[in-house]
Every structure is written in C-alpha cells, then in structure tokens.
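**Q** Next come the chains, spelled out residue by residue.
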Amino acid sequence: MKKALLVLLGFVMAPVMAVAQPDFSGSWEPDTDRSEPAPSELYRYGRLDNDPARQASLTIEQDGNTVEVYEDARVLTRYAVPAVYIADGQERTVTVGNTGVTEQDMTASWEDNKLVIEIEKPWGGMPGNVMLNTREEWMLSPDGNTLYITTQHNWPAENVAYTVAYSRQ
Amino acid sequence: MTTKKVSRRQVFSGALAAGAAGLAASAMPKAYADHHMQGGDSSLPRQVGLPNVWGEDFLFQWSPPENVERDLTPGNSVLRLSSSNSNFGRLLNVEGADYDSQFKAWKKAGWTACEAGSYQWMSRKMPDSEKRELKAALRENDMVFYGIHCGGNVIGPGKEGEDSRRHIVETIHEAADMDCKLVLTHAGGLHPNRNVAHPQNWSKDAWEQSVAALKSICADTAGIDIKIPIEAVNSESINNPWAHKRLIDDVGDPRIGVGLDVTNFVYPGFAFRMTELLNTTFDLLGDHVTYIHAKDLVWDEMLAGLNWSVQGTGLVDYETMLTRASRLTGPEIYVLIEFLDRDEKYVQAQRNIRSIADNLGVQVYGTQEA
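Going down the list, the sequences are from chains A and B. Following the working numbering, the residues of the first sequence are numbered contiguously, the last one being 169. Following the working numbering, the residues of the second sequence are numbered contiguously, the last one being 1370.
No wet-lab data here; the hints were simulated from the structure. Glycine included, every Cβ here is placed at the ideal spot set by N, Cα and C. Errors might be hidden in some of the hints.
[Said to hold, decoys possible] Residues on chain B that point at chain A, a partial pick, calculated with CB under 10 Å:
| hint | residue |
| --- | --- |
| 1 | Leu1072 |
| 2 | Thr1073 |
| 3 | Asn1076 |
| 4 | Ser1077 |
| 5 | Leu1092 |
| 6 | Asn1093 |
| 7 | Ser1235 |
[Stated by the list, open to error] Chain A regions said to be covered by chain B (calculated; three or more residues, Cβ under 8 Å):
| hint | segment |
| --- | --- |
| 8 | 21-32 |
| 9 | 126-136 |
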C-alpha cells in the first residue's frame, strides 16, 4: 500500500517537477568579470584576428519547453539570427541560421536544472566545412539573476570549453 | 550527422556544375555551355564568370543557387600535404641542417611532402655533397621535395622584371638538379610589387607581357622536365580560371600548368559560390592543375574585406576541392597548407583537412600524430 502511494505520488508530482525547470526569460547582459574568454565561433578565426569572441546581450522568451533567443544584432558572434530551442529531447534538422545554406542537427533537453543544447553542423555554415559539435549547458544561479552558459566545442582541430556569465537586467 | 548531410538534403542537386571532368562543351549542362563556351568544338570561353542565378536583373548575383550539384565521389589519387610554415615544414637551405631529423619530425606530424621558397633556397649554393645527403634523407623518410615556390614579378617594370625572369630560370635549373617536379611562379603585374594592383594589369599589353615573359622563361629552360604551374592572383594579370586556360594556350609550352589557389581569385561575386567556382575551375583546367594551395577565407568587413581563416571553417568548399583534387590523374597530388599565423594553426588546419577527406574517402598520405 505504502509502495503504491509512492508510485501514485510520483505520477502526481511529475507535472510539478516538469514545470520546475528554470525560466530564462528576460534580458541578459554579458558579465565579462565572471566569464572565461570564448574563442571566436563563426568567422574572425583567421590570420588577422585572434581576439576572443565578443559576447552579445541576449533577450530570451520562454514558454514551457520553447526557448527563443534574440541576440544584439550589433555583435554577431553567437547566433546571427534568432534561435529557437524546443527542449523535448527530439533531434531536429534545421537550416544553419547564419548562412541559410547548409543544415544542422540540433537537440535540446532538460537535464536536472539545466537546458542542454547539442548541435552538429558545418563549422561556418557553408558547404564543405569541417564539422563542429557543440554542447551547451544553460544554468541559472540560485537567485535567478545570473545565467551561465557553458559551451564545449569539439571539432577536428581542437576541443575547447568555456563558460560565459550573463546578468539579468 | 556526417558531412554527407549536406548532400543528403540535395540542396545542391541540379544545374551548374559539370560533375564529370572534361572540357568538352557537350559534356556540360546546356546552361553552362551556353553561358561560357563558344559554339562548335571550341573550349574557349566567350564570357568569364559564373552564370546568373535568377535572371538578368539588377542585383549582383552573389548568392548561390539553391541547387548546386556536389559530386563528392573520391578519386584514386593520393594527397600529400605540405606546409608553408618556415618554423616547421618548409624546406630551408641552411648549412649544417639535419635533414633526416627534420623529415622524421615532419612525417610524424603528417607532412609528407615539402617545398622551398626560391629566394631563400637560391641565396646559398648548396654543395653537391649536401644535396646527396638531402636526397638520401628524402628517400629514407619517404618525403617528397616536389618544388620550389618562386617569388618575383616577371612583368615588373624594368630591372624588376628582368631580375625576376632570370631568377626563375635559375630556379628551374636548380629544381631539376634537386629532382623536384615543379617550380611555381606568377604571371605578374605592372607595379613593382605584384601584390599591389596596377590599373593596367588587365590590359592587352599586360597580358602580352605576361605571355612573352613566360615564353622567354620556357625557351631559356627548354628540355628541362620541370612543370611551371602559374598561380593566379587577384592583383595580377591572371586572376581567374578562364585566364589560366588562355595562358596555357597562348604560351604553348606543355610545362605551363596551374598552381591552383582558388582563394587568390575570389572576389565578392565568387565568395558565396565557391562550390560552383571550384567545379568550373576543375572542369575547365582538369589535369593542368599541377598542385594545390589550401587556404580559406571569410568576408567580414564592409568593404570587400576578405580575410583568411583556418582551413575548413570559411567559404571554401573543402569537400568539393578535396574530391576534385583526388580525381586528378596524379597519382600523387601535392597540397600546400599556407597563410596561417601560428604554428598550432597549421596543426589544426591539417586536422580539419584530414577529417574532411577521411569522411569522404579521399586518401591523404601518412598520418598526423594525435
């Protein structure tokens, strides 16, 4: 009986646990003091510019599992176009946003209190590029005012990881 | 997802690329032949450039068509990679050099071929005993010293041009003595520094000067079995694959070939149409392509600001370039990785190229240590 109650409690609590996922909605400014230098992701990786990538402010709208990210268009380092993640664990094949020419495979899911985004795509979004695998983990601080995005880039040339912090505005 | 993903979507299936190698207009799609080729059997282009994408209208047609075909079937030729990094991989003529140790280190790092820069190499007369030692080290380490990369400006004004032509002739003799296969050089420009564009570089006069200079070099080296691939560059008199073809015809010496560096003749109209440009180039020039420079680029500025990037990350379609290279007759194709600013980027670039080739089944000689 006690065991059955626990199982029943599990079913009752499941929706509650599902809605307990973090809400990233809001405006976020990069916090360079609490961030690690990020390699330039797209473009500017060549001979003339080895500076770390600049981070853009983010505006995030979240509705349940759907997370839409808008980046400050003045700093085209991260998305270049609005990104939409549906955190249901399903793999989706979508056009690479910054070129519109090639495709990428993308999966978003919740793991504990993190949004995990995995993307496999041609590095610069153009035909014939080397493949880049990216895993991002998005996590809020306990007070909800800091967003940490930890990114792992794996590609033949190198594997790099870095965390960028954003402060809620 | 693998690199096949791009072709699986068949975004690029369709119109432009000739696919099969060969120059006959009859083997090309009609739209391509109508645009580029004269009637009959002539392979001379009547108009340079890529075909319009969507009509004859008011925009520069710099965006790629939606249906560019990519035939990524690998060929049988094997690619050997070399490096232009003077710190590691470029052969230097230095007294007391331990070539055997150098080659062992290079081979371990994945570089299985090498070349020298002409001015450095010719700055010192290497004793015959040292040449024998170098050749023995090449054999011992299965390393190919395929060529000498010639600077200078063959149509530079006055003494600049004369000195350059003499330098190239001397370099060709030296390359033969070293059992090399080629001496790369340029068609030049009318400014003393050929990297500075001169307004008259694409005049009939400049063209005729380039042809005459190369004929003179061929005459002065007649009978020497060294290929003379020409590297087209935007700032020089030869700056597109059609000019390459015409130059080969006009000079009329079978040793004149192509040192293919596709990034050197990219302008904004080609930047996002590299798959088409590569296919057109290989279709047009075929086995005239003697060897290949591997670079990459991005467009990241308001002015036509094309900047170099690590190989495999920019606008060059490396899948097409590597498969087309592997379909050249070969049996070995030398691919020079160049124009990077740090030693570690040469390592990264090689990893990228090997990864792309491996996914396609293109053979790259040797292995790169982890």
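**Q** None of the hints should be skipped; say for each whether it holds.
**A** Right, here's what the structure says about each hint:
no.: 1; hint: Leu1072; result: holds (9 Å)
no.: 2; hint: Thr1073; result: violated (14 Å)
no.: 3; hint: Asn1076; result: violated (21 Å)
no.: 4; hint: Ser1077; result: violated (18 Å)
no.: 5; hint: Leu1092; result: violated (22 Å)
no.: 6; hint: Asn1093; result: violated (26 Å)
no.: 7; hint: Ser1235; result: violated (17 Å)
no.: 8; hint: 21-32; result: violated (count 0)
no.: 9; hint: 126-136; result: holds (count 6)
Taken one by one, the earlier hints fail for this structure at numbers 2, 3, 4, 5, 6, 7 and 8, listed in ascending order.
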